[in-house]
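Here is how the chains run, residue by residue.
2 protein chains.
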Amino acid sequence: MISTTIENYIKAIFYLGETATNVTVSAVAERMQNSPASVSDMLRRLYEKGLIKDKNNITLTDQGSFLAKQIIRKHRLWETFLVKTLDFKWDEVHSIAEQLEHVQSSLLTERLERFLEYPETDPHGDPIPDKDGNFPDLSIIPLSESEPGKSYIFRSVATDAKDFLNHLDNKGLQLGQRWVIIEKEEFDGSVKLLVDDKNEVYLSEKVAKNLNICSGELD
Amino acid sequence: MISTTIENYIKAIFYLGETATNVTVSAVAERMQNSPASVSDMLRRLYEKGLIKDKNNITLTDQGSFLAKQIIRKHRLWETFLVKTLDFKWDEVHSIAEQLEHVQSSLLTERLERFLEYPETDPHGDPIPDKDGNFPDLSIIPLSESEPGKSYIFRSVATDAKDFLNHLDNKGLQLGQRWVIIEKEEFDGSVKLLVDDKNEVYLSEKVAKNLNICSGELD
DNA sequence: ATAAAATTTTAGACTAATCTAAATATTAAA
DNA sequence: TTTAATATTTAGATTAGTCTAAAATTTTAT
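Protein chains in written order, with the working numbering: chain A, 1 to 219; chain B, 1 to 219.
In case anyone wonders, no lab produced these hints; they're calculated from the structure.
Bear in mind the structure is a predicted one, so any value in this text is a computation, not a measurement.
Where hints are given, some of them may not hold.
Since the list gives no way to pick out one identical chain from another, each pair is judged satisfied if it fits inside one copy or across any two copies.
[Unchecked claim] The list that follows gives simulated cross-link-like pairs (lysine-lysine, DSS-like), each with its CA atoms no further than 30 Å apart: (1) K198 - K184; (2) K162 - K131; (3) K89 - K131; (4) K131 - K192; (5) K209 - K162.
Please take these sequences and the hints and turn them into a complete structure.
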């Protein structure tokens with residue numbers, strides 16, 4: 001009934017809705033790599049299917065939002081499987097999970113979740129919604145809002161872009177590490193960290209804004 | 001480049017080619033649950049893509065055959081995963097594997113195969129081709145060609161039909177069992193077995209033709 | 001060997017998803 | 001507040017995959 005194409009639109013609208021106050025046709029077009037004309041046309045169909053509330057204010061209905069969360073749930077569970085079970089690296093899994101997220105079988109999703117022992121986050125540290133669409137509360141903040149002298153755990157990244165993840169790998173940064181903030185530069189927002197009590201790492205504000213942390217020591 | 005639809009046609013032609021001497025438009029239509037008109041049209045496209053040799057004699061090219069074996073390989077590896085790792089029953093996995101078989105990533109397939117420890121057969125006992133498309137040699141025969149008094153191992157089923165598998169479950173028949181042929185009835189081809197030295201089971205010729213065995217004791 | 005039956009192909013139409021180009025509407029600036 | 005720039009929608013086409021109905025071909029049987 002609902003095509004892979006529609007699922008991808010719903011996912012894009014959900015993600016855009018998380019950050020932007022109002023989602024626009026051109027933002028969806030940009031994200032989907034489609035023309036605005038195609039998006040405009042598709043929004044009509046999404047509206048007819050009861051997946052968005054309104055044509056002018058692009059907001060998901062409860063049904064649309066639930067669907068989005070199911071797709072995100074599947075994506076993040078498959079990413080976890082690929083990294084934990086099949087030994088993929090965290091920057092290799094995105095495009096495979098984009099395919100696996102469309103496989104339809106709620107039993108499969110539940111069995112996979114059980115096999116992975118009900119993970120709260122995926123390999124990027126992003127929270128995995130449960131089967132009712134509820135996200136676990138991780139209370140994370142961007143590194144750019146950290147306080148000097150305090151200790152944090154590196155929890156997630158705000159973007160999946162391959163070269164960004166690669167940059168982190170090169171700096172030796174990995175999820176779950178303990179980071180102590182050595183200093184923050186006021187005028188350019190750059191941050192200096194002590195990673196796992198060993199290495200000092202210097203990060204620009206641009207990078208710091210895309211790294212999410214939560215306060216506290218390691219588990 | 002090659003759609004899921006085309007992959008399904010290629011798979012259907014491969015399977016039909018295994019049993020029938022010449023594959024017909026109507027046989028493909030029957031198997032795909034499409035009209036003969038659609039099939040005829042599609043065959044033109046398959047020919048243009050170099051996947052079948054000829055329009056009149058429906059035979060896969062080397063490229064088409066390799067593609068078919070890759071899809072079958074993925075299908076059978078995923079079925080094995082679903083049963084062995086996620087505890088599905090062997091009659092529940094077919095429709096999920098039909099989706100998973102279209103996921104494109106040779107690295108994924110190889111990692112999955114490694115995780116499953118290079119299985120030779122899927123949960124139905126069907127051989128899994130390696131990454132070059134070579135099937136392992138299992139030297140199996142249909143039960144209908146067995147000899148009275150001899151001992152065999154139940155290796156595979158010739159069809160995935162849900163009600164057929166269910167019928168087998170009801171009779172207590174499972175892959176890997178040791179079957180001793182008690183007697184074969186000449187006039188109707190029916191067979192009486194001793195299963196695992198415990199139960200006597202009576203099977204019609206229709207069923208016996210769809211059960212594959214290989215000679216020998218259990219491993 | 002010809003008629004009847006079955007099979008296959010062609011013709012024309014439909015849907016989903018896309019495009020470009022043009023028209024329309026909205027937002028921002030002078 | 002009227003113009004200019006930007007954003008969105010509509011119109012008309014295209015492609016892949018499907019359909020039904022009709023035409024053409026091939027096979028089978030008398």
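Tested hints:
1. K198 - K184: within (19 Å within a copy, 76 Å between copies)
2. K162 - K131: Answer is both: 29 Å inside a copy and 28 Å across each meet the 30 Å cutoff.
3. K89 - K131: This pair counts as both: shortest intra-copy Cα distance 26 Å, inter-copy 22 Å.
4. K131 - K192: So K131 and K192 fail the 30 Å test inside a copy (39 Å) and across (48 Å) alike.
5. K209 - K162: For K209 and K162, only the intra-copy Cα distance (17 Å) is at most 30 Å; the inter-copy one is 53 Å.
The structure fails hint 4 only (numbered hints given earlier).
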